[in-house]
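Participant: Let the hints inform the model, and build the full structure from the sequences given.
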Amino acid sequence: MSDTKNPADLNLALAAATCALLGIGATEPVAAAEADTWSFDSSLLYYGESDDRVQDVSAAISAQRKFDDERVLGLSLTADTLTGASASGAIALDRPQTFTSPSGKATYTTQAGDVPLDDTFKDTRFALNASWTQPLARLYTVSGGLGFSTEYDYTHIGANLSLARDFNKRNTTVSAGLAWSQDDIDPVGGAPLPLAQMLDVGQGGNKAGSDSKDVLDFLVGLTQVLNRTTVLRINYSYSDASGYLNDPYKILSVVDPVTGDTLTRTPTAGLQGPTGVYRYENRPDSRVKQSLYAEMKHSFGAPVLRVAYRFMTDDWGIDSNTLETSLRWPLGGSSYIEPQLRYYTQSEADFYRANLVAGQPLPQYASADFRLGNFDATTVGVKFGHKTAGGNEWSTRLEYYQQTGDIPSDQIIGNQANRPQYPDLSAVIVQFGYRFGLR
Amino acid sequence: MRCGLLIASVLLLSGCAHVGVQPWERDVLAKPEMSLDADPLDAAIDDHIYFSKEASSGGRGFGGGGCGCN
Amino acid sequence: MSVDPRPISLVYEQDHWVGRFVAMACPCEVLIDAPSSETAQTLARAIANVAWRVEQKFSRYRSDSVVHAINQAAGEATAVDGETTQLLDFAATLTRLSAGRFDITSGVLRRAWTFDGGSTVPSQRQIDDLMPLVGWDKVVWQRPYLTLQPGMQIDFGGIGKEYAVDSAAKLAGSLAPEVSCLVNFGGDIVVRAPAGSEREWSVGVERYDQSGVAREIIKLRRGALATSGDSRRFVLKDGRRYSHILDARTGWPIPDAPRSVTVAADTCTQAGTLTTLAMLQGAGAAEFLRTSGCKFWLQ
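Read top to bottom, the protein sequences are chains R, Z and S. Per numbering that gives the first Met the number 0, numbering of the first sequence is gapless, rising by one per residue and ending at 438. Per numbering that gives the first Met the number 0, numbering of the second sequence is gapless, rising by one per residue and ending at 69. Per numbering that gives the first Met the number 0, numbering of the third sequence is gapless, rising by one per residue and ending at 298.
Just so you know, these hints were derived from the structure itself, not from any lab. Source: prediction; values computed, not measured. Every clue listed holds true.
Below, a list of computed lysine to aspartate or glutamate pairs in the EDC-like style, where the Cα atoms sit at most 20 Å apart: (1) R/K168 with Z/E24; (2) R/K168 with S/E286; (3) R/K212 with R/D284; (4) R/K212 with R/E150; (5) Z/K30 with S/E286; (6) R/K4 with S/D246; (7) R/K65 with S/E199; (8) S/K294 with Z/E24.
Facilitator: Encoded structure:
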């Protein structure tokens, strides 16, 4: 407090002076700890895409219990219900199109001029996660987690383990971790055989049963304090997925090489079925991804700026760049407003194509899933939060997400040029959150 | 490309040995909004939404995945 | 030996004895983890006697106290005993360690300041008039003789209660070394327990804005807790809140100090000093406590 004196040294001098005053030798060290506390974070989310596409409502609650010696238990439960439909991969036409639904027991029809949306059934998903963190030795922290989720046609289990070590007066932390997961996919109607043609209602033979995929992730990270007001994190990750990586509900239209229209087809007499030639997609059974992620937080007095960038590349030929930024601006003593911006761009997978062309040899892999295509996406949002006198926090977040894709002009054939080519997506996201604690 | 990423990461780590602050200068860094894991629920929600609508996932940590939405 | 008229109540609550009495103008209690009421009674009485003895000897309000005698000496030297010598030496060390912010001669500034939650602030002239009477450097301290300049006053307000708690704990340790007990003099607390004792005492730290409601529950097995706060004694001026703890170098209080600071340390004297020094850091209290290495809770 002679302002050059280090408070730690001051405390030592104080301890010595106190012992002298009380006429005692060294004391036994104090043993004081906070009573174990639970803290909770909950949220309610609505996600809605335009044009009657996917809508999702989800509720999540996560709980954290801190024990005396820096050990932490985390639990979270999420439930979401999905309704609506997403683009199936078939192209729009000037005439209505009928498709066999995934179950193989019914059909659905798309109007002329509309991008076909697959008949996604209502689905409810539950996910449970647990994590444990504890100090291992003086500068080491170990943490592990388990995850489980289940939905109508999909089950996931996963585990992860990571180790972190502090250096340089805890200014630098290096961590490394491994995660493994196994997913079982049991598609409605069965997993389609690769590039099999969509058949009439009740006709089997083009689908098999269930399948599975394994994913192994490896991550190394560095967190570094740059100065009193800035902290930086850099992560490198490597991910290896193998097994059934297809989307069992996505299809490709087979089109005429001149007109670009989907080949027509008449269902077998007496049966309902597709009015065009469609084939189920097929992706490789292995995918290796690498990404480099950097995130920085900087404090300008009271406001805090966050900037994050991620580069991803994989062996499917996809490269992506993500840039996110947000500025948390305090309002008064207990509220804040935080505008957020995200810009994302990805290049298409090697086997991505808008459609298959009749007469050309069937490729080994093909997918028209818009999520593997070439697109830019922008998110603009704002979050508002308020801390109550009791120390709990309410928050609300509003975001708008817009995805705009692009099919290279050499892939556009004939009449396709006059119709919507890429199923551009726009969605509104509304979220309410509440954070509270219990003793 | 892969080697480049790894080399860049290692060089960055070795340069970090003396950068930082003294323990008594951590007042700003201790503010909850300066934590890199400040809003884990928001992060999980975002990761899940973008995993189901885009081809990339994760980066910040583990996760991204575990659902039939992609 | 005459019967002491000051009452000590002793009751058995849950799984321990509780002795309650009033001393140093605050409610005091002793929690004793012993099966027999005789042990509890002996300890409670011994601890209450320590509190009353320290109060009688060092309270500036009592005309029979050493402090009163020193303050009335008006420029003359006063001879003090061993215990007073040690307290004065400790106070001098604190003044040095805090670079003059903490000073037992700063009590006269009370005449200029009223910390009642209002916005009355003395003028610089009023402070300037009092500052010549403030400062340990103006005191002549040659053991065992203490000489204050005429008009100066000392008081052990910042360290007396904590010293009493630690002294009581020391006595409890010699009277009943195998018993775990908690001594609480108005919020300054120490747990004296035998080595290896597993018994945890739950201490609630009151919310600064709601008395009776705990903001934090701390489980104390051994050692001390002290709390410094300004929930009732502060001044609001120009939108800034000034706690009642004055910086003895300037005569002014420190703005933007936390509402309440609780520190855990090996002894109550150390814990109490740390809370005072932290409050004297104002907005830098959290950083100060974090670096000092002690466990602390702020509001």
